[in-house]
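Sequences listed follow chains W and S, in order. All you need for this note's numbering is the position in the first sequence, starting with 1, plus 3. All you need for this note's numbering is the position in the second sequence, starting with 1, plus 3.
What the hints contain is simulated information worked out from the structure, not anything from laboratory work. Virtual Cβ for every residue (Gly too), placed ideally from N, Cα, C. Mixed in with the good hints, there may be bad ones.
As the list claims (entries may be wrong) - Label-pair ranges, simulated between beta-carbon atoms: (1) S/Glu140 <-> W/Gly42: 41 to 47 Å; (2) S/Val113 <-> W/Val186: 44 to 50 Å; (3) S/Asp109 <-> W/Glu165: 57 to 63 Å; (4) S/Pro227 <-> W/Glu145: 42 to 48 Å; (5) W/Gly110 <-> S/Ala136: 44 to 50 Å; (6) S/Asp23 <-> W/Pro82: 36 to 42 Å; (7) S/Ala137 <-> W/Thr129: 30 to 36 Å; (8) S/Glu140 <-> W/Gly224: 33 to 39 Å; (9) W/Gly110 <-> S/Val186: 56 to 62 Å; (10) W/His152 <-> S/Ala136: 30 to 36 Å; (11) S/Ser95 <-> W/Gly42: 17 to 23 Å; (12) W/Ser11 <-> S/Asp109: 52 to 58 Å.
To be verified - Calculated from the model, a selection of chain S residues having no Cβ within reach of chain W, i.e. all distances over 10 Å: (13) Gln105; (14) Ile148; (15) Gly198.
2 protein chains.
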Amino acid sequence: MTSVTAISSEFDQAIALEPDPAEPGCHLGELGEGWQIGGGINGGLLLAVAANALRQELPGHPDPLSISCYYLSASRPGPFSVRTETVRRGRSLATATASLHQWEADGSQVERLRVLASYGDLAALTGEVRTSAAAPELPPVEQCIGMEHAPPQLITQAALLERFDLRLDPATVGWAVGAPAGVGRIQGWFKLADGREPDPLSLLLAADALPPVTFDLGLPGWAPTIELTVHLRALPAPGRLRVSHATRNLAGGYFEEDCEIWDSTGRLVAQSRQLARAPRAQA
Amino acid sequence: MTSVTAISSEFDQAIALEPDPAEPGCHLGELGEGWQIGGGINGGLLLAVAANALRQELPGHPDPLSISCYYLSASRPGPFSVRTETVRRGRSLATATASLHQWEADGSQVERLRVLASYGDLAALTGEVRTSAAAPELPPVEQCIGMEHAPPQLITQAALLERFDLRLDPATVGWAVGAPAGVGRIQGWFKLADGREPDPLSLLLAADALPPVTFDLGLPGWAPTIELTVHLRALPAPGRLRVSHATRNLAGGYFEEDCEIWDSTGRLVAQSRQLARAPRAQA
Numbered sequence: 004m005t006s007v008t009a010i011s012s013e014f015d016q017a018i019a020l021e022p023d024p025a026e027p028g029c030h031l032g033e034l035g036e037g038w039q040i041g042g043g044i045n046g047g048l049l050l051a052v053a054a055n056a057l058r059q060e061l062p063g064h065p066d067p068l069s070i071s072c073y074y075l076s077a078s079r080p081g082p083f084s085v086r087t088e089t090v091r092r093g094r095s096l097a098t099a100t101a102s103l104h105q106w107e108a109d110g111s112q113v114e115r116l117r118v119l120a121s122y123g124d125l126a127a128l129t130g131e132v133r134t135s136a137a138a139p140e141l142p143p144v145e146q147c148i149g150m151e152h153a154p155p156q157l158i159t160q161a162a163l164l165e166r167f168d169l170r171l172d173p174a175t176v177g178w179a180v181g182a183p184a185g186v187g188r189i190q191g192w193f194k195l196a197d198g199r200e201p202d203p204l205s206l207l208l209a210a211d212a213l214p215p216v217t218f219d220l221g222l223p224g225w226a227p228t229i230e231l232t233v234h235l236r237a238l239p240a241p242g243r244l245r246v247s248h249a250t251r252n253l254a255g256g257y258f259e260e261d262c263e264i265w266d267s268t269g270r271l272v273a274q275s276r277q278l279a280r281a282p283r284a285q286a
Numbered sequence: 004m005t006s007v008t009a010i011s012s013e014f015d016q017a018i019a020l021e022p023d024p025a026e027p028g029c030h031l032g033e034l035g036e037g038w039q040i041g042g043g044i045n046g047g048l049l050l051a052v053a054a055n056a057l058r059q060e061l062p063g064h065p066d067p068l069s070i071s072c073y074y075l076s077a078s079r080p081g082p083f084s085v086r087t088e089t090v091r092r093g094r095s096l097a098t099a100t101a102s103l104h105q106w107e108a109d110g111s112q113v114e115r116l117r118v119l120a121s122y123g124d125l126a127a128l129t130g131e132v133r134t135s136a137a138a139p140e141l142p143p144v145e146q147c148i149g150m151e152h153a154p155p156q157l158i159t160q161a162a163l164l165e166r167f168d169l170r171l172d173p174a175t176v177g178w179a180v181g182a183p184a185g186v187g188r189i190q191g192w193f194k195l196a197d198g199r200e201p202d203p204l205s206l207l208l209a210a211d212a213l214p215p216v217t218f219d220l221g222l223p224g225w226a227p228t229i230e231l232t233v234h235l236r237a238l239p240a241p242g243r244l245r246v247s248h249a250t251r252n253l254a255g256g257y258f259e260e261d262c263e264i265w266d267s268t269g270r271l272v273a274q275s276r277q278l279a280r281a282p283r284a285q286a
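With the hints as extra help, turn the sequences into a complete structure.
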């Protein structure tokens, strides 16, 4: 296990774990205040934490090819435990579950999320690629909108935004000045603010890093994730990622949010979908 | 519990369960030979079976709003058990897991799949709908291609196809006569052959009922599902469903398959995505 104090990247520090000496397959860590958004810890960071615990338990299968997370209650800064269970170990894939708990003031445990995932080795996959998907067309980074232009009331709710160097496509940030496009799409350039290069675990974070796509539909509230599944499709190359979020069906108080992440070589490295609760329309 | 002998629909009979008298939360049933495809039982049927077990355990939360299934080994006709665990019971959502097992000849148990899901009540959702997604444009049913036109070698591997009245868009069945379109899309009209009307559980079946979309890419082999997540977005109206399957990224031996299901009133009632292993290209 890596010692937390020796880690320079804030992301690696945030997902760092120590094995629980009292329980095999259980890992301990602490959620930092810097990863809060809208009163809880960001769902992508939590997924990366759980995925890191599973990686420790599945030697030879380092990467979540598919990982599904069901969110149960809002996580808070402070200590957590992640319990893991290996379901099946195969040759190319291993399947396992993880559950992340925190403690209430009275000492009782409360479960924050449950994860089910199949791990493999992205580096061992064949090279064949037949992609009809197209990377989002983005203006150059310097013409995109950084969070220094975000309304202050947004920033104060979102320490998380300081962890990212996020540059949004101006065509998809009308909502920041009261003029949402109404399309249901937000896209931009993503990297970690401290320059740490992308890897499979940080892609899980990137899949839930942009503002909720409902902002673009004129619904500015936070949108709690019910379920998030990420497929990692290739190891990402170093450099900035292109990330697009889109929804096509807001109905009955829920919406899906599809995310694609493209690396600096133009490779589609991750696809994700989440089901989230729609913010209530403002009066 | 409903008695199997009193059920007229073959789908309801296929997903029928009896509580295991020996273990609370456990249900028993039998997989029928008629649901086989490519040597195993269809993944959508298995998901519906597990979902039916969870429904028994979550009173007040009848419908899987989101359900994720990880497939572990090929299921065979014969007896099975489904063990369930309730993770969290909330006001509008309840989250639970299920695992389906069968028995080997030596009596040992082998797990076929693991499910994680959040259930709610589709009938209780608000009526607001903002859908930018468009239903697939399909020729009238009588101009679509039924399985009576499928090559006999396909039918013999797939007793499953006799359970469906599936009418595929001629533009997406070139593969059946050796001329795949190469687009990565298959779409058509779906109903159960015995006329049973759609409901949330049969939508889970419909999400994995079409031939693998890789047929349209000129890859005719079977494509084992690694993971399948379905979001049920509305209660379906009676009548034929429109179902579309598409992939945008076949890479490294895997592909995603996105499915949309539209009911007879033109409502988007389910969205699903699976990660599947690509068939090997033929020499």
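Broken hints, numbered, in rising order?
Of the numbered hints given earlier, the structure breaks none, since each of them holds.
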